[in-house]
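A.B. asks: The residues making up each chain are set out below.
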Amino acid sequence: MIAIVVIELLSLRYEQAKEYRFFVLFGSILPDIGNFTILFGKSGERIKPFFEALHTPFGFLILAALIVYLTRKEWRKVIFYLVALGGMLHFIADMLIITLNGKIMVLYPLSLNKYSIGVFRQGEFIFLITAAIIALITLLASRIYRKYTGLSYCQSSR
Amino acid sequence: MLVLILSLLLLHSGTVYVKKYPYTTYVLEHPSEYEGKVVALRGEISEINVEGKTYILTLSHYGREFKAYAPIGMLQNLNFEVGDILDLKAVSHLKNNYVVVEDILLWNSWQYKWLFYRSIIGGMVVIGVLLADWKKIRKVMVFA
Chain Z
3 MIAIVVIELL SLRYEQAKEY RFFVLFGSIL PDIGNFTILF GKSGERIKPF FEALHTPFGF
63 LILAALIVYL TRKEWRKVIF YLVALGGMLH FIADMLIITL NGKIMVLYPL SLNKYSIGVF
123 RQGEFIFLIT AAIIALITLL ASRIYRKYTG LSYCQSSR
Chain C
785 MLVLILSLLL LHSGTVYVKK YPYTTYVLEH PSEYEGKVVA LRGEISEINV EGKTYILTLS
845 HYGREFKAYA PIGMLQNLNF EVGDILDLKA VSHLKNNYVV VEDILLWNSW QYKWLFYRSI
905 IGGMVVIGVL LADWKKIRKV MVFA
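One line per chain: the protein sequences are Z and C, in this order. So in my numbering the end of the first sequence lands on 160, straight run, no missing numbers. So in my numbering the end of the second sequence lands on 928, straight run, no missing numbers.
In isolation and in its complexed conformation, chain Z is listed as follows:
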């Protein structure tokens, strides 16, 4: 949801931001790729640590760098920035969660210490509702801004 809001705001300044929103959204869920292990119950709990490195900024950036090899050379830099932006938004949102041992190993591999700002408890609907209201207000405000400034969504592509 945060990624959607950021794309909307970016598109006010950079017209093409909305065209490549997929990469920001993709980046924002990529660090949680290890979540599929939930499907495997106890075995899943055991293999989840193998994906822990992807839930660190450094590990994520390496994975993002690998993924951009799937894109054309001239686009790699831009796509990397978009995927990285999505990932960093994910980490910022995760760091807001109240945890015992911290949430993100920000300095990994230099340190295994986890850090968290601790604003809300995971799973709290009040946070989800607040985020949804902020997202709705932003989208509405953006549309009103576009209407009064004559700014339109970019339909062209490079």
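Accuracy of the hints is not assured; some may be wrong.
Selected chain Z positions facing chain C (in silico; Cβ < 8 Å) [claimed, not checked]:
no., residue
1, Phe24
2, Asn37
3, Thr39
4, Ile40
5, Ala67
6, Leu68
7, Tyr71
8, Thr73
9, Ile81
10, Asp96
11, Ile100
12, Pro111
13, Gln124
14, Arg145
In silico DSSO-like pairs for lysine-lysine, Cα to Cα no more than 27 Å straight-line [stated by the list, open to error]:
no., chain 1, residue 1, chain 2, residue 2
15, Z, Lys20, C, Lys920
16, C, Lys851, C, Lys873
17, C, Lys873, Z, Lys116
18, C, Lys920, Z, Lys149
Hints are computed from structural coordinates only; laboratory data are not their basis. Nothing here was measured: the structure is a model prediction, and the numbers come from that model. Every residue, glycine too, gets a C-beta built ideally from N, C-alpha and C.
Based on these hints, arrange chain C on the given structure of chain Z.
C.D. replies: Coordinates of chain C only, in the frame set by chain Z:
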């Protein structure tokens, strides 16, 4: 590219072999290492008892049962019941099969289900955007 892949593998080995931070399963399987220490634990409530000013919850995690002692004031507003799952911050005495609860980090079964469904919803949104923007995305991909 090879350097990136090797770096990623090295990073993976780092998180797998250095268990400095306690996972629930790890704490339960190696209780003596965490005796008297504050740990994060997850367990499903199988029994609730009240003794004086203390709640005694019987929790189970992957078949291992242990008691969790918590002051009434900490839990009275949570409206929990048998079957709910708790994430606890607790002092471990798991050698003797109990923990002393310091805080509840997350509780309720639907909250855990929500964590799972949230991942699915997130994935579906991204797939939806991928399909909607496919023509534009294809232009930047190597296989286009």
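A.B. asks: Now, for every hint given, state plainly whether the structure supports it.
C.D. replies: Here is how each hint holds up against the structure:
The interface hint given for Z:Phe24 holds, since its Cβ lies 5 Å from the closest Cβ of chain C, which is under the 8 Å cut-off. The interface hint given for Z:Asn37 is met, as the beta carbon of that residue sits about 4 Å from the closest beta carbon of chain C, less than 8 Å. For Z:Thr39, the interface hint is violated, since its Cβ never comes within 8 Å of a Cβ in chain C; the closest pair sits about 11 Å apart. With a least beta-carbon distance of about 6 Å to chain C, the hint placing Z:Ile40 at the interface is held under the 8 Å criterion.
For the restraint placing Z:Ala67 at the interface with chain C, the shortest Cβ-Cβ distance is roughly 5 Å, inside the 8 Å limit, so the hint holds. Interface restraint check for Z:Leu68: the shortest CB-CB distance to chain C comes to about 5 Å, inside 8 Å, so the restraint holds. Taking 8 Å as the C-beta cut-off, the interface hint given for Z:Tyr71 holds, the closest approach to chain C being about 6 Å. Checking Z:Thr73 against chain C: minimum C-beta separation of about 5 Å stays under 8 Å; hint holds.
Restraint check, Z:Ile81 versus chain C: the minimum CB separation of about 6 Å is within 8 Å; hint holds. Hint status for Z:Asp96: violated, given a least beta-carbon distance of 12 Å to chain C, over 8 Å. A least Cβ separation of about 7 Å between Z:Ile100 and chain C falls short of the 8 Å threshold, and the interface hint therefore holds. Interface restraint check: Z:Pro111 against chain C, minimum CB-CB distance 5 Å, threshold 8 Å, status holds.
The criterion of a C-beta within 8 Å of any C-beta in chain C is met by Z:Gln124, whose closest approach is roughly 5 Å, and the hint holds. A least Cβ separation of about 18 Å between Z:Arg145 and chain C goes past the 8 Å threshold, and the interface hint is therefore violated. For the hint pairing Z:Lys20 with C:Lys920, the CA-to-CA distance comes to about 11 Å; that is within 27 Å, so the pair holds. The hinted pair formed by C:Lys851 and C:Lys873 meets the criterion: a straight-line CA distance of about 14 Å does not exceed 27 Å.
Between C:Lys873 and Z:Lys116 the alpha-carbon distance is near 16 Å, which keeps this suggested pair within the 27 Å criterion. Pair hint C:Lys920 plus Z:Lys149 holds up; C-alpha atoms about 25 Å apart against a cutoff of 27 Å.
Comparing the model with each numbered hint stated earlier shows that hints 3, 10, 14 do not hold.
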